[in-house]
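Participant: Sequence:
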Amino acid sequence: MSKSILEFPPIFRTRKNHGLEHATIHVLAKKYPNVSLAGISSPKGFAIIGNVPTEDVAEAAIEALKRLRAGETELAQHPNCGTNYVISGIFAGFGAWLGMVGVGKGFGKKTRRLPIMILLATIALILTRRVGPMVQKEITTSGDPGEMELVRVETSLQTNLKIHYIVTKG
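If you read the sequence shown in our numbering, its first letter stands for residue 11, the second for the next number, and so on.
Bear in mind the hints are in silico, worked out from the structure with no lab data behind them. Be careful, since some hints might not be right.
[Stated by the list, open to error] Derived lysine-lysine pairs resembling DSSO-like cross-links, with alpha carbons at most 30 angstroms apart:
| hint | residue 1 | residue 2 |
| --- | --- | --- |
| 1 | Lys172 | Lys76 |
| 2 | Lys147 | Lys13 |
| 3 | Lys54 | Lys172 |
| 4 | Lys41 | Lys76 |
| 5 | Lys13 | Lys179 |
| 6 | Lys13 | Lys54 |
Remember, it's a predicted structure, so these values are computed and weren't measured experimentally.
Using the sequences and the hints given, assemble the complete structure.
Facilitator: In C-alpha cells:
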C-alpha cells in the first residue's frame, strides 16, 4: 500500500514547521499585539518576519513547542495563514471564470457579465471561509511536533525589517 504524499519527508517536516511557525506567531502576538508578523516554513525550519527581539522569538518558539506537545494543537492553525487566502482565491477565481463561460467575444458582452462574476466570486469567498482552516488542519500544517527540536535562531536585517530564521531538526 502506498503512503500519502503528506508523509513524504520534506512535506512532512514542512507541515510540522508550519504548525510550529503558527504557534510561535500566536505566542508572539500575545506579547506584541500591535506588531505585524508573518512567517514562512520549509523542511529545515521557519522564518518569522517582524520587528521583535530575537530573544523573544526564541522564547516564543520554545513555549509554542511545549504547548503543542501538551496538546494545544489548535495553535498550529492561524486565521491569517496564506493557505486561507490561496483557497479563497482559487474558489473566487473559479467563480469569476464560471461567470464568463459562454459569453463570447466583445467587450460589451463581457461587461454585462461583470455583476454575475462579482456575485459568484463573493459567494465563493463566503463559502470558503471554513475551507481554508480545514485545509490548514488536514494538509498544510501539523499540530503534532513529534520529536522536533529547535536547533538555533538566526536573525538578519533586511531594509529595516528583522527576519528570524528558526532552524529545527527531528
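Participant: Are the hints correct? Go through all of them and say.
Facilitator: Hints, verified against the model:
{"no.": "1", "hint": "Lys172 with Lys76", "in the structure": "25 angstroms, holds"}
{"no.": "2", "hint": "Lys147 with Lys13", "in the structure": "19 angstroms, holds"}
{"no.": "3", "hint": "Lys54 with Lys172", "in the structure": "19 angstroms, holds"}
{"no.": "4", "hint": "Lys41 with Lys76", "in the structure": "17 angstroms, holds"}
{"no.": "5", "hint": "Lys13 with Lys179", "in the structure": "22 angstroms, holds"}
{"no.": "6", "hint": "Lys13 with Lys54", "in the structure": "22 angstroms, holds"}
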